[in-house]
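Participant: Place chain B on chain A using the hints.
Here the protein sequences come in this chain order: A and B. Under my numbering, the first residue of the first sequence is numbered 1, with each subsequent residue one higher. Under my numbering, the first residue of the second sequence is numbered 1, with each subsequent residue one higher.
Worth flagging that the hints you see were computed from the coordinates, not collected in a lab. Any given hint could be a false lead.
Identical chains blur together in the list; that is why a pair holds if it fits in one copy or across any two.
[Unchecked claim] Below are the DSSO-like pairs computed for lysine-lysine, each with C-alpha atoms no more than 30 Å apart in a straight line:
| no. | residue 1 | residue 2 |
| --- | --- | --- |
| 1 | Lys115 | Lys322 |
| 2 | Lys115 | Lys363 |
| 3 | Lys322 | Lys221 |
| 4 | Lys129 | Lys322 |
| 5 | Lys129 | Lys221 |
| 6 | Lys322 | Lys363 |
| 7 | Lys221 | Lys115 |
| 8 | Lys221 | Lys363 |
| 9 | Lys363 | Lys129 |
Protein chains: 2
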Amino acid sequence: MDSFGFRILARDGRARSAILQTPHGEVATPVFMPVGTQATVKATTPEQLREAGVSLLLANTYHLYLRPGDEIVAELGGLHSFMGWDRAILTDSGGYQVFSMRSIREVDGDGVTFKSHLDGSTHRLTPEKAVAIQERLGADIIMALDECAAPNDRAYSRLAMERTHAWATRSARAHRRTDQALFGIVQGGIFQDLREESAQYISGLGLPGNAVGGLSVGESKPEMHAVLDWMDQGLPVDRPRYLMGVGTPADIIEAVARGMDMFDCVLPTRLARHHAAMLRRGRLNLLGAGFARDPRPLDPSCPCYACRHFSRAYLRHLMQTKEILGATLLSIHNITVLETLTVEIREAIQTERFSELREEFRKETPVPDPSSCTG
Amino acid sequence: MDSFGFRILARDGRARSAILQTPHGEVATPVFMPVGTQATVKATTPEQLREAGVSLLLANTYHLYLRPGDEIVAELGGLHSFMGWDRAILTDSGGYQVFSMRSIREVDGDGVTFKSHLDGSTHRLTPEKAVAIQERLGADIIMALDECAAPNDRAYSRLAMERTHAWATRSARAHRRTDQALFGIVQGGIFQDLREESAQYISGLGLPGNAVGGLSVGESKPEMHAVLDWMDQGLPVDRPRYLMGVGTPADIIEAVARGMDMFDCVLPTRLARHHAAMLRRGRLNLLGAGFARDPRPLDPSCPCYACRHFSRAYLRHLMQTKEILGATLLSIHNITVLETLTVEIREAIQTERFSELREEFRKETPVPDPSSCTG
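Here chain A stands alone, though its shape is the one from the complex (with noise of 0.2 Å):
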């Protein structure tokens, strides 16, 4: 583990300004990963991904597991080499892509049994399994397997933090290669009592890393913040804590000031794929004809390559035109805009000012007007 490490530089408040070392690189925290879910960040290369700022990204895998095959990433040299990215990897357990497919799916007491989505074929997921794909895939940071319960249903979320325990043991146990840090995952619903359990329980496995799961599952802003004031109680503070599946610049902020250092999301390239490009606030629908001649970058003072080199006017006509470009420049732009975003977080942390920037992520975010706002 002399690889790993986590150097708290600065607090302010709860946030906190740290560098997470890894085998292929230092990354500086609060951190905002981008989701490569097949060993690509769709419509992205690497070296873009660089550009953008990227130090760590996220694969699924659920996704590599099923294709190309874990197996097949390990002969080519693991997820670094075959999808040449040089910086720091996280691959989640594959849990969350089989709970989600509620219909084909069955989980028991030891691990879960399900479907691929692809054709049909039945696989099974223990603890074990999913830290041995895991470490073929090879990646720095990965998963313990867990259960994520519906937010709002007691029983099924105390039974599913049960079962995420045990499988965390399980996986701490399973675990053997010292070049990659195992995390836990805390669970338990939007339930304080649940919650604080499931939080003394991951710690105490004394992981190098704990993460929050079971939020931004469709429970309502205040909840998610009440569990992330439990957690930031909870969980030992001279590790990092990653609150997985989050999300936008305001969702960021919140749980920064609530003491969390690691993110991913998949909506930058999604809302890419979708005609929309993301600003520090708020967003714009490129196919909205009011772009049509609009000379304007998306954002004037966002260093990204598209801002830089393309009008919003160019950018809808690859919208309209539905060209593979246009997702590409704003895949980059709004991975930029959070990698930029947190950028800024780290330095109001470290000069004493994140209180000011949480204020105006506070405020309520504008509505954007197409054919005025400058972003």
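Facilitator: The following block gives chain B in isolation, referenced to the frame of chain A:
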């Protein structure tokens, strides 16, 4: 016309290596132009095209006239500014696309009336209008409206040729912008007398460049080569010669051997979207199961971004999962193959080894074995 020039650096047989001076930089010929139909070379950024060695690209007047409209492009500073490409651009006249749609156009001596493939609206293209649209688009090189007949139909070939001549004269009269070069187009099907008459007529207009149209549209290779031999006789040696719609490495080499300088084709980007990687000779279909564990690059000698960073196994994975990055990487590779080929051709001409290079390509093109082909 001071911003244009054509300076022959070396000859080897009838092949020539030259510099075509344009307002957007020098273009070394023989040159291959990738096609940016809708003001984007599909699936690539301008940055990737620069890196692939592209110095001149083609955009389609028909498509840009319909969407976003030449007036919008002009308002946004012209095509270079619109698409973020600061090297040279050539636009076609729009005629080729219009004449391809037999069912929805009517041609007369004055021009052609057609229906938009997008919304069925009726439009009229005349030589003067094709020039006006291209002046608004603002490419470095623009083309006179021509009519492309079925290559074996003598009566239609004569009629189309005569219209093409009249339209070229009208185009030359209509053309005003001195920072654009207007090229005329020779027609005449596969008929020697018509081709010779056409070359004489078009040459007589004294335009800064001449193109050969009506080839690569169904005629045999010997027929194409015969036409090119007549063109080499009939067209002025001191002006660039553009063979429209060609093509493959072998076709380019044979045309260079007959004194042609400029080439365009959708092949590299179209193949890329259909899982095919071009090799210097032959192709690889990346969906082949034989590539699933192949750690080699597409071509170990290729300098492109895809070959420097990714294995055939990864590219196959991207094809299988229909990821956009697959089309991007294969497009970069395929364009690089043709750009690299023209570098090689120019060097061969300059060192009087062109006939050796040609000989190599005249050998039968190998059918690659997916498991053993090393390109």
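Participant: Evaluate each hint against the coordinates.
Facilitator: Status of the hints after comparison with the structure:
no.	hint	result
1	Lys115 <-> Lys322	between (33 Å within a copy, 21 Å between copies)
2	Lys115 <-> Lys363	neither (45 Å within a copy, 51 Å between copies)
3	Lys322 <-> Lys221	neither (35 Å within a copy, 36 Å between copies)
4	Lys129 <-> Lys322	between (41 Å within a copy, 27 Å between copies)
5	Lys129 <-> Lys221	neither (34 Å within a copy, 58 Å between copies)
6	Lys322 <-> Lys363	neither (35 Å within a copy, 41 Å between copies)
7	Lys221 <-> Lys115	neither (33 Å within a copy, 53 Å between copies)
8	Lys221 <-> Lys363	within (15 Å within a copy, 69 Å between copies)
9	Lys363 <-> Lys129	neither (46 Å within a copy, 53 Å between copies)
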